[in-house]
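A.B. asks: Residues per chain are reported as follows:
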Amino acid sequence: MTGSLATARAGTAIQFRGVNKWFGRFHAVRDLDLEIREGEFFSLLGPSGCGKTTSLRMLAGFEEPDSGQILLRGEDVTYLPPNRRPVNMVFQNYELFPHMTVFGNVAYGLKLKKVREPELSQRVLDMLRVVRVDGLEGRGARQLSGGQQQRVALARALVNRPAVLLLDEPLSALDVKLRRQMQVELKAIQHRLGTTFVYVTHDQEEAFLMSDRVAIMNHGVVLQVATPREIYERPADAFVADFVGSLNTFEFRVDGVAHGVADMRLGEGDRVRLRADDGASWATVGTTIRAAVRPERVRIDAAGAPSGSETDTRLPGVIAGADYVGPATTYRAETAVGLLSCQQSNDASRRDLAVGDRVTVSWPLDAAFVLPSSGEA
Amino acid sequence: MTALTAKAGTVGVGPLPPRGRRRRRVKNVGARIFLVLLAVFLFAPLFVVVLFSFNQTASLSFPIPGLSLRWYDKVLDDPEVVAALGRSAIAAFVTGLVGGTLGILAALGLQGLPSRWRGIVQTIVLVPIATPALLLAIGLAIYFNRLGIKPPKLPMAIAGHILLALPFVLLTMTAALDRFRFSLLEAARDLGATRARAFWTITFPLVLPAVLGAILLAAAVSIDEFIIAFFTTGTDATLPLVIYARIRRVIDPGLNALATILLVATTLLAVLAARTTVSSTRR
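Top line first, the protein sequences correspond to chains A and B.
Residue 0 is where the first sequence starts when you use numbering that gives the first Met the number 0, and the numbers rise one by one after that.
Residue 0 is where the second sequence starts when you use numbering that gives the first Met the number 0, and the numbers rise one by one after that.
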């Protein structure tokens with residue numbers, strides 16, 4: 000359409016450029032800049048009302064941005080109607096056509112594109128096989144279970160071979176077991192077809208399990224775009240850190256810096272250590288920052304147990320509570336930096352501790368990270 | 000002691016449920032009697048008319064001496080009656096078609112309005128239901144007269160019938176569209192359908208039962224309408240007018256046959272309308 004092809008980078012499927020969307024006085028999406036690569040499984044993750052669904056709907060063409068540009072494979076599609084975009088969507092409530100059979104639903108898009116028999120039937124049946132509902136093509140759309148509807152909705156979108164497949168919380172209506180199964184399958188299907196998937200969800204685990212990269216959104220702003228691992232282990236700010244998992248946070252006062260490691264000295268030679276990368280602005284004596292460590296990285300031992308590495312943080316503590324959930328137990332230990340949650344898996348090395356037990360709480364140097372305050376990301 | 004109380008317990012508890020059941024059955028019988036009486040009250044006059052339409056003789060005495068179709072023969076040989084039947088059929092057909100189409104378009108248009116305006120417009124459109132048909136009829140007569148339009152009489156009556164049927168059509172269609180999931184249209188658009196295409200392949204087939212129901216309802220309103228026809232048709236009398244004119248002169252057993260025809264036609268339309276709308280709600 001427009002001649003913006005030159006500006007597109009090879010391998011870029013989608014670009015949001017300074018996109019804003021208002022609903023009345025509600026600023027749903029703010030200055031969104033985003034690049035989604037060809038062939039990746041990309042998730043928009045955030046709490047409800049964060050703008051993730053609005054962003055997806057702008058990509059599909061159901062909403063128009065108030066400002067900014069959306070490029071699809073280098074072409075400006077900002078104001079293109081949905082029927083003229085090479086993208087297809089899997090809706091939250093599936094939106095299967097109730098007066099058609101499974102075959103009719105899946106063939107709908109192909110018929111509009113004037114695909115003729117026998118190619119039409121061939122492609123429909125092939126796709127039903129991919130999503131594993133072959134044999135149901137004669138069923139009415141109303142006679143399907145939730146999981147089957149989900150699969151048919153997926154087939155109906157994918158059969159058109161879209162440049163990008165959009166998925167709007169497609170698994171939220173399924174029960175937990177089926178959802179997990181579908182997550183694994185979705186990932187496998189995406190891998191097999193190589194189609195770019197843009198997935199909207201508020202479920203952190205779901206996003207992490209399937210995605211190559213995740214964008215975390217809140218209040219219409221993208222806070223971080225990275226791999227699940229980066230987001231979890233190096234969150235851009237406190238909101239991201241908290242949203243993607245449980246977190247122990249504490250005040251860290253810099254008492255000394257040596258060899259790229261900052262110390263906070265507590266009584267009796269106990270130290271909390273934090274990696275201070277070269278040029279970290281906070282790494283000067285006297286500065287106080289917020290630091291965090293994930294509960295599953297914290298180790299808990301009976302007091303006096305042999306120490307691990309020299310650079311580990313080691314703190315004495317007292318067990319204040321224990322929550323047993325089957326595969327793991329989360330202990331809460333009172334320490335010099337406050338109450339710390341420590342999640343211990345109940346494996347062969349399990350140690351049963353009781354409230355009041357004296358313990359040593361420890362974690363490796365790289366487990367803890369600095370928590371940038373929100374807005375500074 | 001314990002054995003005794005246990006025994007007492009079984010004795011006391013045992014007969015209770017049947018008694019409760021019996022009482023409910025008695026209540027049921029009462030309700031049934033009431034229902035039968037109500038049905039008799041409502042349908043006895045109709046039954047009498049239908050029965051006498053098959054009467055062998057002209058006397059309206061009971062019991063009837065025998066069954067025959069002579070009154071149907073007589074009435075259907077009467078050119079005045081046949082002409083009136085034809086006019087009524089035309090009126091019902093046109094009212095259904097035009098009223099149905101207008102009502103459906105109005106209902107679709109209403110969907111696009113912001114909800115506050117929708118309420119206001121809907122109320123205004125429903126006013127004819129609450130207006131006495133007499134006022135409507137006089138109003139229409141004056142209106143056509145003042146405009147100096149001297150159309151053939153029947154179209155004037157049909158215009159009135161459309162006005163009368165419109166609220167019913169609108170109500171049926173609005174109810175159907177309220178149940179329609181408009182997000183289905185997004186799915187269709189996403190799959191490549193233009194707005195028009197999405198309407199014809201998704202919206203239309205899904206609300207079609209309601210559309211047919213609305214059209215039949217409009218036809219049913221027209222076919223037994225009297226007051227507006229009386230004020231507008233003049234010499235182009237519809238069936239209800241012919242019946243009325245004859246009843247004033249003599250008691251004609253042929254009228255029973257005529258009334259029965261009218262009754263069957265309206266009932267058929269109403270039942271068809273109810274059936275199609277009900278099937279559209281089961282979604």
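Heads up, some of the hints might be wrong.
Example chain B residues on the side facing chain A (calculated, C-beta under 8 Å, incomplete) [to be verified]:
{"hint": "1", "residue": "29"}
{"hint": "2", "residue": "32"}
{"hint": "3", "residue": "79"}
{"hint": "4", "residue": "81"}
{"hint": "5", "residue": "174"}
{"hint": "6", "residue": "177"}
{"hint": "7", "residue": "182"}
{"hint": "8", "residue": "186"}
{"hint": "9", "residue": "188"}
{"hint": "10", "residue": "190"}
{"hint": "11", "residue": "191"}
{"hint": "12", "residue": "193"}
{"hint": "13", "residue": "205"}
These are computed hints drawn from the structure, not numbers from a lab.
Each residue gets a CB set at the ideal place from its N, CA and C atoms; glycine is no exception.
A.B. asks: Using the nearest Cβ pair, does residue 177(B) come within less than 8 Å of chain A?
C.D. replies: violated, 16 Å
A.B. asks: Hint validation: residue 186(B) versus chain A, beta carbon distance must be below 8 Å. Holds or violated?
C.D. replies: Constraint on residue 186(B) satisfied, holds at 4 Å.
A.B. asks: How about residue 188(B): closest beta carbon in chain A under 8 Å, or not?
C.D. replies: This interface hint holds because 4 Å falls under the 8 Å limit.
A.B. asks: Next item in the hint list is residue 191(B). Is there a CB on chain A closer than 8 Å to its CB?
C.D. replies: holds, 4 Å
A.B. asks: Against chain A, run the beta carbon of residue 182(B) and see if the smallest gap drops under 8 Å.
C.D. replies: holds, 5 Å
A.B. asks: Restraint: residue 190(B) near chain A, CB-CB cut 8 Å. Satisfied or not?
C.D. replies: holds, 4 Å
A.B. asks: Under the criterion of a CB-CB separation shorter than 8 Å, is residue 29(B) in contact with chain A as hinted?
C.D. replies: violated, 41 Å
A.B. asks: A closest beta-carbon separation below 8 Å is what the hint needs, so does residue 32(B) meet it against chain A?
C.D. replies: Constraint on residue 32(B) not satisfied, violated at 42 Å.
A.B. asks: Can we keep the residue 79(B) interface hint, with Cβ of chain A closer than 8 Å?
C.D. replies: violated, 47 Å
A.B. asks: Answer holds if the nearest beta-carbon of chain A is closer than 8 Å to that of residue 205(B); otherwise answer violated.
C.D. replies: Nearest chain A Cβ about 6 Å off; hint holds.
A.B. asks: Checking hints one by one. Is residue 174(B) an interface residue toward chain A, by the C-beta closer than 8 Å rule?
C.D. replies: Hint on residue 174(B): violated, closest Cβ of chain A at ~18 Å, above 8 Å.
A.B. asks: With chain A as the partner, please determine if residue 81(B) meets the hint condition of a C-beta pair closer than 8 Å.
C.D. replies: This interface hint is violated because 42 Å lies over the 8 Å limit.
Consistency note: the structure conflicts with the earlier hints numbered 1, 2, 3, 4, 5, 6.
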